[in-house]
Amino acid sequence: MQDDLLNMDCRELRDGIAAGRIKSITVAEAVFERIEQYEPIVGAYITTFKEHALAKAEEIDAQITAGKQVGQLAGVPIAVKDVLCTTFGATTCASKILENFHAPYNATVIEKLLSADAVIVGKTNMDEFAMGSSTENSGLKQTVNPWDTSRVPGGSSGGSTAAVAGRLCFAALGSDTGGSIRQPASFCGVVGLKPTYGRVSRFGLVAYGSSLDQIGPITRTVADSALMMNVIAGHDPADSTSVDEKQAPVCDYLEKLDEPVKQLKIAVVPQFNAGAESQVQTAIADAIDVYKNLGAEIIEIEMPHLDYAIAAYYIVATAEASSNLARYDGVHYGHRSENAEDYIEVYSKSRAEGFGKEVKRRIMLGTYALSSGYYDAYYLKALKVRSLIRSDFTKAFENCDCIMMPVSPTTAFKIGEKTDDPLKMYLSDVYTIAANLAGVPAVSIPCGFDENNLPIGLQILAPAFGEDRLLRIARMYEARTDWHKKKPAIV
Amino acid sequence: MSNFPYKVVVGLEIHVQLCTKTKMFCGCAVEFGQPPNSRVCPVCLGMPGVLPVMNKQAFEHSVLVALALNCKIAEFTKWDRKSYYYPDLPKNYQISQYDLPLGANGFIEIPLDGGRTKRIGITRVHLEEDAGKNLHTAGNFSQVDLNRAGTPLLEIVTEPDMSSAAEVRALAVELQRMVRFLGVSVADMQKGHMRFEPNINLVITKDGSEYKTPIAEIKNLNSFRALERSVAVEEQRQLDEFLETGRVMGMGNKTTRGWDDAEQTTVLLREKEEAHDYRYFPEPDLVPVEMNERWLNDIKAGLCELPIKKQMRYVNEYNLSDYDAGVLTAERSTAEFFVQVVDAGGEPKRVCNLLTQAGLKLANEKVCSVAELGITAGNLAELAKMIEAGTVSASAGNTIMQEMVKSGAAPETIAEELNLMQKSDTGELETIVDEIIAANPKAVDDVKSGGKKCKKAHGFLLGQVMQKTKGQANPQIVSQILAEKLN
Numbered sequence: 001m002q003d004d005l006l007n008m009d010c011r012e013l014r015d016g017i018a019a020g021r022i023k024s025i026t027v028a029e030a031v032f033e034r035i036e037q038y039e040p041i042v043g044a045y046i047t048t049f050k051e052h053a054l055a056k057a058e059e060i061d062a063q064i065t066a067g068k069q070v071g072q073l074a075g076v077p078i079a080v081k082d083v084l085c086t087t088f089g090a091t092t093c094a095s096k097i098l099e100n101f102h103a104p105y106n107a108t109v110i111e112k113l114l115s116a117d118a119v120i121v122g123k124t125n126m127d128e129f130a131m132g133s134s135t136e137n138s139g140l141k142q143t144v145n146p147w148d149t150s151r152v153p154g155g156s157s158g159g160s161t162a163a164v165a166g167r168l169c170f171a172a173l174g175s176d177t178g179g180s181i182r183q184p185a186s187f188c189g190v191v192g193l194k195p196t197y198g199r200v201s202r203f204g205l206v207a208y209g210s211s212l213d214q215i216g217p218i219t220r221t222v223a224d225s226a227l228m229m230n231v232i233a234g235h236d237p238a239d240s241t242s243v244d245e246k247q248a249p250v251c252d253y254l255e256k257l258d259e260p261v262k263q264l265k266i267a268v269v270p271q272f273n274a275g276a277e278s279q280v281q282t283a284i285a286d287a288i289d290v291y292k293n294l295g296a297e298i299i300e301i302e303m304p305h306l307d308y309a310i311a312a313y314y315i316v317a318t319a320e321a322s323s324n325l326a327r328y329d330g331v332h333y334g335h336r337s338e339n340a341e342d343y344i345e346v347y348s349k350s351r352a353e354g355f356g357k358e359v360k361r362r363i364m365l366g367t368y369a370l371s372s373g374y375y376d377a378y379y380l381k382a383l384k385v386r387s388l389i390r391s392d393f394t395k396a397f398e399n400c401d402c403i404m405m406p407v408s409p410t411t412a413f414k415i416g417e418k419t420d421d422p423l424k425m426y427l428s429d430v431y432t433i434a435a436n437l438a439g440v441p442a443v444s445i446p447c448g449f450d451e452n453n454l455p456i457g458l459q460i461l462a463p464a465f466g467e468d469r470l471l472r473i474a475r476m477y478e479a480r481t482d483w484h485k486k487k488p489a490i491v
Numbered sequence: 492m493s494n495f496p497y498k499v500v501v502g503l504e505i506h507v508q509l510c511t512k513t514k515m516f517c518g519c520a521v522e523f524g525q526p527p528n529s530r531v532c533p534v535c536l537g538m539p540g541v542l543p544v545m546n547k548q549a550f551e552h553s554v555l556v557a558l559a560l561n562c563k564i565a566e567f568t569k570w571d572r573k574s575y576y577y578p579d580l581p582k583n584y585q586i587s588q589y590d591l592p593l594g595a596n597g598f599i600e601i602p603l604d605g606g607r608t609k610r611i612g613i614t615r616v617h618l619e620e621d622a623g624k625n626l627h628t629a630g631n632f633s634q635v636d637l638n639r640a641g642t643p644l645l646e647i648v649t650e651p652d653m654s655s656a657a658e659v660r661a662l663a664v665e666l667q668r669m670v671r672f673l674g675v676s677v678a679d680m681q682k683g684h685m686r687f688e689p690n691i692n693l694v695i696t697k698d699g700s701e702y703k704t705p706i707a708e709i710k711n712l713n714s715f716r717a718l719e720r721s722v723a724v725e726e727q728r729q730l731d732e733f734l735e736t737g738r739v740m741g742m743g744n745k746t747t748r749g750w751d752d753a754e755q756t757t758v759l760l761r762e763k764e765e766a767h768d769y770r771y772f773p774e775p776d777l778v779p780v781e782m783n784e785r786w787l788n789d790i791k792a793g794l795c796e797l798p799i800k801k802q803m804r805y806v807n808e809y810n811l812s813d814y815d816a817g818v819l820t821a822e823r824s825t826a827e828f829f830v831q832v833v834d835a836g837g838e839p840k841r842v843c844n845l846l847t848q849a850g851l852k853l854a855n856e857k858v859c860s861v862a863e864l865g866i867t868a869g870n871l872a873e874l875a876k877m878i879e880a881g882t883v884s885a886s887a888g889n890t891i892m893q894e895m896v897k898s899g900a901a902p903e904t905i906a907e908e909l910n911l912m913q914k915s916d917t918g919e920l921e922t923i924v925d926e927i928i929a930a931n932p933k934a935v936d937d938v939k940s941g942g943k944k945c946k947k948a949h950g951f952l953l954g955q956v957m958q959k960t961k962g963q964a965n966p967q968i969v970s971q972i973l974a975e976k977l978n
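Just so you know, the sequences run in chain order A and B.
At position 329 of the first sequence (counting the first as 1) the number is 329 in our numbering, and the numbers step up by one without a gap.
At position 163 of the second sequence (counting the first as 1) the number is 654 in our numbering, and the numbers step up by one without a gap.
The following block holds chain A by itself, in its conformation from the complex (with noise of 0.2 Å):
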């Protein structure tokens, strides 16, 4: 019975809730149940909140006994990435330097998720500040893969992914900065969402690179991406870059979910899909065989400037992020180092015992990039890069509905393999991060195993703001595949 509801999708949930059938109180305490018993093994959250998550279960109830309207998620529990402001608990970002920071205020997403009544369980582990593509650069604590606990779950949302492949929440929200949503669903076996630069508010994300950040959903269904789209997008006075909505409105993405878009045009792009493993590569050609025999078309296409997308992303991005982490001072708040003997050591100490090795080496190349005299050969060339990607989305956007390509070269790598190797590490976000540099929406979903029955990813990007039909194409090849069905072992 508890396993039973354990693996509902969150809407089907939620209408049981709203219905009166199942008890908010109920579910919450399963999830709980559940996260006593396996995060010890998973290590997803960095904190949970019982004690509140319980409290508003029984409140919602209380409203659906009394016939109040509750909201979309009412009662559905979820977890938040610890990047996330919240004014309840901490908000580390996974960093020592951030260990006891306590928000003074809930970011845009935060509110939009308590309106819409969902429980928010608790926040998940990540990568430092959301640098890294394992979970392994948290400085709080290590996170595994539910599908092989030897296995990295992906980052740096590789906490919520975690979860949410666990069964430890229902859904979660994570931030994409070069595939921090993607590649961590595709390697957890869930569906992740990066939606288009300035669809969901930025207000309270504890920034990375400001240009490529963006909050998305990851869930077990694409229904449930779409149901959660429908509770945070939109435009927010507070965030400048999120966009107008009578520039680009914001609609039902339940809607037409289940509507197959019709004459579907795929573009692949062959020269740029050769680096992923070969299991990867047949995964993917099967996937696109599926939608084949729906009737898609499908096309080949050169991006030419995809081969720079890397060099571009880990200028702009570390630019922006020496920017953007040059707040954490120990002046104003956050850990401040106990022997400093002036400000410049209040500064240098706090900053050299707070961040850790990843965060350290980010910093330092993106404060390289942006020195006098480096300005033009990198900063600057990155941006001209970044629109000449930007420009191959656009030529290709003009020829087919969508572009679908691995979300990582492999599956899930063993813990430590790559931590020696930054580079290395970097590479395996050669197929996300074209989409942030040019602001388009991308979803990962389930669509295979290799040998080691590790889950394989489906990428799928779509045009600007083109959210509703990224879902529903990715909803064609979930209606007709059982991947997303499949649980892993310790479920």
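Careful, some of the hints might be misleading.
What the hints assert, rightly or not - Which residues of chain A face chain B? A partial, calculated answer using Cβ under 10 Å:
hint : residue
1    : R202
2    : Y333
3    : Y343
4    : L370
5    : F413
Just so you know, the hints here were simulated from the structure itself, not pulled from any lab data.
It should be emphasised that the depicted structure is a prediction, and the values quoted were computed from it without experimental measurement.
Virtual Cβ for every residue (Gly too), placed ideally from N, Cα, C.
Assemble chain B onto chain A, guided by the hints.
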């Protein structure tokens, strides 16, 4: 010893705090003198995850100033981050404008002595956020007050077109008057609303060659006096230094100096221009600002006749002295009130005297502008007419004005109540003059003798009549009667 001719070259960087209700990128109130850290929010504290939202009014205020400074307004402008670590800067970067300032290539006319003006080039005008303040009053640690952090700050950079301390002062004063006229800044020097940083050097001619002394920048001056004095003092210091050492301008030998007000000297802060690398890059959290014609026209509607133009017009149109016109146009409301009173029939010079003497004194006492004293233009024009007609004396006029502020009553009513009407009735005055003549034979003799003492004695007798009438006699008429009777 200094027989070498030289020129002073000064350029100025000015920061003006704009008088918007809220800060540049958040909704916190801009208020001076509040308890430390009481006008702050997560955004201006630079908390994790916050985002800036541009204050449109601050931007419009800035464009207005740039227009008044005859700048070219950028059709496309953006925000940049300027990075440096300092405890009063919560994000450790300042949101500013780097390569695309909102205004550039303008000029300002500044008034010089004798009604002359000089044109000074404006290099650029841009908008940025102010930092907070570090306080060093508590033992062996410092404290940070972030009330000011995020306040909109306009930066104006001039060309090095000024060639004396007096010109530097004139520009500063003119700019203060201008931003007040435009209503974009309170420009209160004591509250730090305007801060100046002059860059100074000399071009010295010696043995037929020109030598340029190293440039010195004097930081953070916040009074006209300090600005003018520091430039004058620095001018002399550079001359002395050149004569002593012969040092000339070279790569990286620009110095940064401070002003020691107690010692009236400039003091060295940094020997070499530090190799500051601010790592400017476009602020990704804000969108660029695109100026279209319609918006620009809306902003232009806020322009007004600028103070220096008004001053020159008042000289020509109302026959005022350059000085009087300058005093009247120091504040826009005073200047406009002056015209209202003149239009209501007041003689310009009389009106000017009332406003700049009694008016400014009363306004100072009440801490308001002359226009806000509560006197109607009609009543003040009436008072000016009474003085002009000799119904009341000029000094009684000042007393009446004071009462008008208190009671709001019409000047005639007050003059009657206080018995300030001048006696111009010749019959009545003749009787009094006769009495005085009878009582002062010595003085009468002196007048009649026509000698050296004549003028003095005439004055004495006039004084006696005035005393007798408690100042209510019209002195011109009394003088006339006296002359008639004693000749």
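*Just pull the numbers of the violated hints for me, sorted ascending.*
The structure conflicts with hint 5 only, although it agrees with all the remaining ones.
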